[in-house]
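Number of protein chains: 2
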Amino acid sequence: MKFYGYFRSSAAFRVRIAMNLKGVAPEFAFIHLRRQEQVAPAYTRVNPQQLVPALVLDDGTALAQSLAILEYLEETHPEPPILPRDPVGRARVRSLAMIPACEIHPIQNLRVLGYLGTACGQDEAGKQAWARHWIDVGFTAYEASVAGHPQTGRFSHGDAPTIADMCLVPQVFNARRFGNDLTRYPTLMRIFEACMAVPAFDQAQPAKQPDAEA
Amino acid sequence: MKFYGYFRSSAAFRVRIAMNLKGVAPEFAFIHLRRQEQVAPAYTRVNPQQLVPALVLDDGTALAQSLAILEYLEETHPEPPILPRDPVGRARVRSLAMIPACEIHPIQNLRVLGYLGTACGQDEAGKQAWARHWIDVGFTAYEASVAGHPQTGRFSHGDAPTIADMCLVPQVFNARRFGNDLTRYPTLMRIFEACMAVPAFDQAQPAKQPDAEA
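Going down the list, the sequences are from chains A and B.
Per numbering that gives the first Met the number 0, the first sequence runs over residues 0 to 213.
Per numbering that gives the first Met the number 0, the second sequence runs over residues 0 to 213.
By construction, these hints were calculated from the structure, which means they are not laboratory data.
Mixed in with the good hints there might be a few duds.
Stated by the list, open to error - Derived lysine to aspartate or glutamate pairs resembling EDC-like cross-links, with alpha carbons at most 20 Å apart: (1) B:LYS1 to B:GLU36; (2) A:LYS1 to A:ASP210; (3) B:LYS1 to B:ASP85; (4) B:LYS126 to A:ASP122; (5) A:LYS1 to A:GLU26; (6) A:LYS126 to B:ASP122.
Stated by the list, open to error - Residues on chain A that point at chain B, a partial pick, calculated with CB under 7 Å: (7) ARG44; (8) PRO47; (9) THR60; (10) GLN64; (11) ILE106; (12) ASN108.
The C-beta atom is built at its ideal place from N, Cα and C for all residues, glycine as well.
From just these sequences and the hints, can you work out the full model?
In C-alpha cells:
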C-alpha cells in the first residue's frame, strides 16, 4: 500500500493515527499542499478529488477521503477496533467524528482560507478570525456532546480510542495554530491529552513526519 | 422513532431518502432553520450540535449527523442495502458521499453564508457566487470520479442507490437554487435523473414535505 499525505493535513493526520494503531505500514508519498501538488496531473490521476490523503492498495485501487479510509481500515484490519460494536455507539462515535470532519475542517482548510482572500478580500487577520470562529462553533458542540455524557470515558467514547478521537486531535493542533482559547473546552482537552499519551497519536503528529517543515 | 428535520436541509433530505427506501417511518418534527429554532434550548437538548437532522430512538437516545444516521439505518435495517458489501466498494461509495457532505455542503450552508455576510461583508450576490464556486469545485471532483469509472452504473456505484446518491441529489437541488451550470457535469446529472425516477428520492424532495414553503 502507498499513502499520499502532507504533514500538516488534518485529514492525513487522522489516517496516520489509525494506521499506527492497527500496525498498517504503507509506503509514504508526500504531496505538498502549499506548492499545489495536489492539483498536478500526476496526483489528479491518483485522486480526482485533488485532496489528501489517498491510500493506494496493492492492486492499484486508490481510496480517497479520510473517513472512508478509516472505515476501510476498520473493515479490513479490525484489531484493535476504532469503532464500538453496537450500532448506537457507532452512530455516536461517527457523529462526534463528523464535528471536526464535516463542520470545522472543511470550512477552515487551506483552500477555503485562500479563496476568502482572493474572492472576499480577507487579509491574514480576517482569515484567522474566520478559522477561529468555526473552530469555536464546532468545539462548543463537541464539548456539549462529551461533557457529562455517560458514554464518555478516558476517550470520547469509552476507554479506547475511536475515529472520534482521530478527528478531534488534528483539529486541536489547528486550533492552537489559529490561537483559539482552548480553556473553554475542558472535557475535549482532557480527551486530547489522553490521546497524546498514546504513541499512535503522538507519532502521527505533523512535526514528527518526514516532510515536516518549521 | 422521531425525526427532526427541515424541508430544505440537504442533510435531512439525505436521511429522508434512506428512510423511504428502507421503509422506516418515524414521527416527524420540524425545526425551522431560518427562524433559528435549531439553537433554541428545547432542540439543543435533543441535539447539542444544534443542527438538523436528528433521529431520536424509542428509548430517547438521539442520533446526530446525517452520515452517521445513514450508517445506523444500514446496520439496523439492512434491506435494501445502501452500501456495497465489499470493503473497496464501500470505501468508494463513502468517498463519493463525502464530496457533497464534507467538501461542498458545510461550506455553503445557511450558517456559513450568513457569517459571510456579517463577518466578511458579502452581499447576496457575493454569497451566491461563493456557494456556486464550492459547488463547482465539488461537482468537478464528483464528475471526475464517476465518469468512465468501471463501477459507475445506473447510479453512482452500480445499479442500486447508495449513500453516495443520497448525498448527491440534495446537492443538485441546492446547485439549481444557486444557479450553477449543471451541463458541465453530464454523468452526475444522468445519475441525478436516475435517482429522481425512484419514488424514495422523489418523495423526499423539499417541495413534498409537510413543512415546505414556496
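Hint by hint, where does the structure go against what was stated? Just the numbers, ascending. Numbers 3, 7, 12, in rising order.
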